[in-house]
Amino acid sequence: MPDERGHFGKYGGRYVAETLMPLILQVEQAWKEAKDDPAFWDEFNALAKNYIGRPNPLYFAERLSEHFSNGDKGAKIYLKREDLNHTGAHKINHCIGQVLLAKRMGKKRIIAETGAGQHGVATATVCALFDMECIIYMGAKDIERQSPNVFRMKLMGAEVRAAESGSKTLKDAMNEALRDWVTNVRDTYYLIGTVGGPHPFPEMVRTFQSVIGQEVRAQMQELEGRLPDSLVACIGGGSNAMGLFHPFLDDSSVTMYGVEAAGHGVDTDMHAASLNGGTYGVLHGMASYFLQSEDGQIIEPHSVSAGLDYPGIGPEHAWLFDEGRVNYVHIKDDEALEAFKLLSQLEGIIPALETAHALAHVAKIAGDLPKEHLMVVNLSGRGDKDIFTVAKMLGVEL
Amino acid sequence: MSRIEQKFKELDRPALVSFITAGDPDYETSLEVFKGLPEAGADIIELGMPFTDPVADGPTIQHASERALAAGATMKRTFDMVRAFRADNDHTPLVLMGYYNPICAFGIEAFARTAHEAGVDGLIIVDLPPEEDGDLRKALEGRGIDIIRLITPVTEESRLKVLLNGASGFLYYVSITGVTGSASADMGAVERHIEQIKAHTDLPIAVGFGIKTPEDVKAFGSMGGAAVVGSAIVNALQAGVDEALSLVKTLSKGL
Numbered sequence: 524m525p526d527e528r529g530h531f532g533k534y535g536g537r538y539v540a541e542t543l544m545p546l547i548l549q550v551e552q553a554w555k556e557a558k559d560d561p562a563f564w565d566e567f568n569a570l571a572k573n574y575i576g577r578p579n580p581l582y583f584a585e586r587l588s589e590h591f592s593n594g595d596k597g598a599k600i601y602l603k604r605e606d607l608n609h610t611g612a613h614k615i616n617h618c619i620g621q622v623l624l625a626k627r628m629g630k631k632r633i634i635a636e637t638g639a640g641q642h643g644v645a646t647a648t649v650c651a652l653f654d655m656e657c658i659i660y661m662g663a664k665d666i667e668r669q670s671p672n673v674f675r676m677k678l679m680g681a682e683v684r685a686a687e688s689g690s691k692t693l694k695d696a697m698n699e700a701l702r703d704w705v706t707n708v709r710d711t712y713y714l715i716g717t718v719g720g721p722h723p724f725p726e727m728v729r730t731f732q733s734v735i736g737q738e739v740r741a742q743m744q745e746l747e748g749r750l751p752d753s754l755v756a757c758i759g760g761g762s763n764a765m766g767l768f769h770p771f772l773d774d775s776s777v778t779m780y781g782v783e784a785a786g787h788g789v790d791t792d793m794h795a796a797s798l799n800g801g802t803y804g805v806l807h808g809m810a811s812y813f814l815q816s817e818d819g820q821i822i823e824p825h826s827v828s829a830g831l832d833y834p835g836i837g838p839e840h841a842w843l844f845d846e847g848r849v850n851y852v853h854i855k856d857d858e859a860l861e862a863f864k865l866l867s868q869l870e871g872i873i874p875a876l877e878t879a880h881a882l883a884h885v886a887k888i889a890g891d892l893p894k895e896h897l898m899v900v901n902l903s904g905r906g907d908k909d910i911f912t913v914a915k916m917l918g919v920e921l
Numbered sequence: 661m662s663r664i665e666q667k668f669k670e671l672d673r674p675a676l677v678s679f680i681t682a683g684d685p686d687y688e689t690s691l692e693v694f695k696g697l698p699e700a701g702a703d704i705i706e707l708g709m710p711f712t713d714p715v716a717d718g719p720t721i722q723h724a725s726e727r728a729l730a731a732g733a734t735m736k737r738t739f740d741m742v743r744a745f746r747a748d749n750d751h752t753p754l755v756l757m758g759y760y761n762p763i764c765a766f767g768i769e770a771f772a773r774t775a776h777e778a779g780v781d782g783l784i785i786v787d788l789p790p791e792e793d794g795d796l797r798k799a800l801e802g803r804g805i806d807i808i809r810l811i812t813p814v815t816e817e818s819r820l821k822v823l824l825n826g827a828s829g830f831l832y833y834v835s836i837t838g839v840t841g842s843a844s845a846d847m848g849a850v851e852r853h854i855e856q857i858k859a860h861t862d863l864p865i866a867v868g869f870g871i872k873t874p875e876d877v878k879a880f881g882s883m884g885g886a887a888v889v890g891s892a893i894v895n896a897l898q899a900g901v902d903e904a905l906s907l908v909k910t911l912s913k914g915l
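So the sequences go chain by chain: A and B. This note's numbering runs 523 ahead of the 1-based position in the first sequence. This note's numbering runs 660 ahead of the 1-based position in the second sequence.
Since the hints were made in silico from the structure, they are not lab data. Treat the hints with care, since some could be wrong.
[Claimed, not checked] Straight-line distance between alpha carbons at most 27 Å, and here's what the computed BS3-like set of lysine-lysine pairs gives:
1. B:Lys736 with A:Lys533
2. B:Lys878 with B:Lys695
3. B:Lys798 with A:Lys533
4. A:Lys555 with B:Lys821
[To be verified] Over the 12 Å line for every Cβ pair with chain B, so calculated as not near, a few chain A residues:
5. Ala562
6. Gly597
7. Gln737
8. Asp857
9. Leu860
10. Ala886
[Unchecked claim] Short, incomplete list of chain A residues facing chain B, as computed with Cβ under 8 Å:
11. Val539
12. Ala540
13. Ser688
14. Gly689
15. Lys694
16. Arg702
17. Val705
18. Val708
19. Tyr803
20. Gly804
21. Val805
22. Gln815
23. Asp818
24. Gln820
Just so it is clear, CB atoms sit at the ideal spot from N, CA and C, and this is done for glycine as well.
Construct the complete structure from the given sequences, taking the supplied hints into account.
Dropping the structure here:
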């Protein structure tokens, strides 16, 4: 998976304006060549080690595990510390990979969309490192709720452009990025920030992010001498989850949980759970599950977390959902907030609000699992960017 | 012979393709301008199917979609509008333009059947390249509806062959790399490219994107047989039905 035209079952594919097709076919060709070129991976691995700081730890969260334990029950919880990467989230993994590809293709101008700003910051970072022009599209609402990240992007020389249409969040930022790309197709590389968009992006981003799962595999082998029993990750577009899950998909003993953002609840009209509350559709270059009306109009999502506030999901997740390989569950805003506070207090680690959704699901299941159960949670990002949002939710004035 | 073929056969001058968004600013106003277009000089009508996320469109047509949706536009209402138009016009070719998601939601087979019954002659689905249009093409079989393929300034010869395979009705030449309603194209570059395309096909070629004035219509229309005006008409309609129709009259007089 996927097939040669990028299909995961009936999902994925390449649904873009004809103006973009020749370039996307070039991206595919360049990616095929890069994937088989040891020199490309040498450069990627060197940067992963020396610039990102990989491998990051697989940390046994003893106090968190104790907190959820319940008599003779309670899973042993490990945190995969993507928050310790340079720029503070997993997004840097696919940014390094894609900027190397853009360089191979001779592109000097990079555009990207961002929700929480993590992908925007990571993109601005690699553009500074590789001396490329960088334009970041961000929903006007997200610019407001993620102001620290906006400032970080600007500091590194990126131009941040506000998407003022629609819900003024991630979906609209992606629309604007696509409009920019169609206009500047000759010199621009669109550095897509998730396992979504037209083929080959879902497969390419997955490949770069798979470093997460590969490290977990080796680290767990070293720490416990075996595979983990379960994996938990939050899902907006799905890049951190796919990176953790993919190297384990063939291991039937490993249970996987992808945690969607339920906002005020999936039974309300204020959520961002595309799998649990959406239907088949086509948007942003891919067929997948989307939040939409009966008439095929996209519904504006809601999540407290800007990074999960997207009405769709990567096509491979859609396929895994149909196949039943991954359990896709959902967590509400207030549950995520509780988990945010809990991890901060018990482990001294402030998680991103996105990541807090994964932790909130752990809170629901860890206490019923046997003591020997090894659970890995992808701590996909750090929460410094969210302190203003959280303070506001808690009624604290900073 | 299809209405599109018939139209190009009977015209001894370039055709004017006029675009409006179905339901903009509301159903009644939109239907009124729609019905008035043929008499104002529109040879072919392109009717936009509103969508929340029109990624190939500039602000003018984005806002038209937003207004239409706010006023209650749906795919069903778009077909109602087509039927109402066809009730007293059986000759003007009608092309639906839009994005694939609302078609998927309507159901591909149901869409093809309803479009055929309502009297639609062609489809331009912006985000559906030939690689992905198999399901739709299959549903359209035997229903006499053309899939209008898009060719762009970055289309090279190898890609052109892919696009021409299965193309019918006419071709739509996107004159610039960009979204609708942008600046006008470089005339010389468009003309050179269209000459190259003509070596591979006998289909008429309608040039669109950035075409606003009677001079544009004449110049670009003469290259391949038709010119498309969209955003300029949508803008004029903001001022009123008469303003929109009078613009179309002015545009068509140049031909």
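Fill in: Agreement of hint A:Ser688 with chain B interface, Cβ distance less than 8 Å
Holds. Min distance 6 Å.
Worksheet entry | Status of the stated non-contact between A:Asp857 and chain B (beta carbon gap over 12 Å) | 28 Å, holds
Fill in: Hint check: 8 Å Cβ-Cβ cutoff, A:Asp818 to chain B
5 Å, holds
Discussion item. Holds or violated: the hint that A:Val805 contacts chain B, with Cβ atoms closer than 8 Å.
Written reply: Holds, because the Cβ-Cβ distance from A:Val805 to chain B comes to roughly 5 Å (cut-off 8 Å).
Worksheet item: Are the Cα atoms of B:Lys878 and B:Lys695 separated by 27 Å or less?
Response: 24 Å, holds
Worksheet item: Would the stated hint for A:Val539 survive a check requiring a Cβ distance to chain B of less than 8 Å?
Response: 6 Å, holds
Item to complete: May I ask you to check that A:Ala886 keeps its beta-carbon over 12 Å from the closest beta-carbon of chain B?
Response: 35 Å, holds
Worksheet item: Quick one, is the A:Ala540 hint okay against chain B at 8 Å, beta carbons?
Response: 5 Å, holds
Discussion item. Between the alpha carbons of B:Lys736 and A:Lys533, is the straight-line distance 27 Å or under?
Written reply: 26 Å, holds
Discussion item. Please check whether the beta-carbon of A:Ala562 is more than 12 Å away from every beta-carbon in chain B.
Written reply: Non-interface label on A:Ala562 holds, nearest chain B Cβ at 29 Å vs cutoff 12 Å.
Practice prompt. Mind checking the CB of A:Gly804 against every CB in chain B and telling me if the closest is under 8 Å?
Written response: Result: holds, 5 Å to nearest chain B Cβ.
Fill in: Interface hint compliance - A:Tyr803 to chain B, C-beta minimum distance less than 8 Å
Holds. Min distance 7 Å.
Comparing the model with each numbered hint stated earlier shows that all of them hold.
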